[in-house]
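**Q** Sequence:
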Amino acid sequence: MNETEEILTYIYQTSNMGYQSSKDLINSLQGKDNKIKKIIKEIEQNYEKYSKESEKLLNKKDLKAKSIGMMAKAMSKMNITKEMLNDNSDANIADMLIQGLTMGNLELTKHIDNYEKTADKKVIDMAKSLRKFGEEYIEKLKVYL
Numbered sequence: 001m002n003e004t005e006e007i008l009t010y011i012y013q014t015s016n017m018g019y020q021s022s023k024d025l026i027n028s029l030q031g032k033d034n035k036i037k038k039i040i041k042e043i044e045q046n047y048e049k050y051s052k053e054s055e056k057l058l059n060k061k062d063l064k065a066k067s068i069g070m071m072a073k074a075m076s077k078m079n080i081t082k083e084m085l086n087d088n089s090d091a092n093i094a095d096m097l098i099q100g101l102t103m104g105n106l107e108l109t110k111h112i113d114n115y116e117k118t119a120d121k122k123v124i125d126m127a128k129s130l131r132k133f134g135e136e137y138i139e140k141l142k143v144y145l
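Numbering (the working numbering), first residue to last: 1 to 145.
You may find that some hints are simply not true.
Beta-carbon label-pair distances, calculated as ranges [claimed, not checked]:
(1) D113 / M71: 23 to 31 angstroms
(2) I26 / T118: 31 to 39 angstroms
(3) K128 / Q45: 14 to 22 angstroms
(4) Q99 / Q45: 17 to 25 angstroms
(5) I68 / I26: 28 to 36 angstroms
(6) Q30 / E6: 19 to 27 angstroms
(7) N2 / S89: 41 to 49 angstroms
(8) K52 / V143: 41 to 49 angstroms
(9) L106 / N2: 19 to 27 angstroms
(10) V143 / K60: 23 to 31 angstroms
It should be emphasised that the hints constitute simulated quantities derived from the structure, not laboratory data. For each residue, glycine too, the CB sits at the ideal point set by N, CA and C.
Please model the entire structure based on the sequences and the hints provided.
**A** Below is the structure:
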């Protein structure tokens, strides 16, 4: 796997997992009165955008978008369900989202640093844009803590 393919696959997997997780989180909050729902919906829409863009680029390069395994997705969904049963406060949800965005940004930064000089500039720009999205929403979520 070359550098462009590796970082593009990472962008796809991260954004696809973020999209699925935020969608699961929204579903678990149906019928509840959380003020944070609007921001979760924005996060979901942004992740969906990055997922589709990266999948399109992978397809252009005749590569198959490899999503995160079913087991990881199932574990994520179970953890969200468990967390929401224990504490569905906006503060707890913001904390979970901040942790997820931070972990994603740390790995994304490693990929950018490793491949910035060798990978396709368009893909690096997409990775930087995804990281910026994460940083912006970490700040937006802090008001709920």
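**Q** Checking against the hints above, which ones are violated?
**A** 5, 6, 8 and 10
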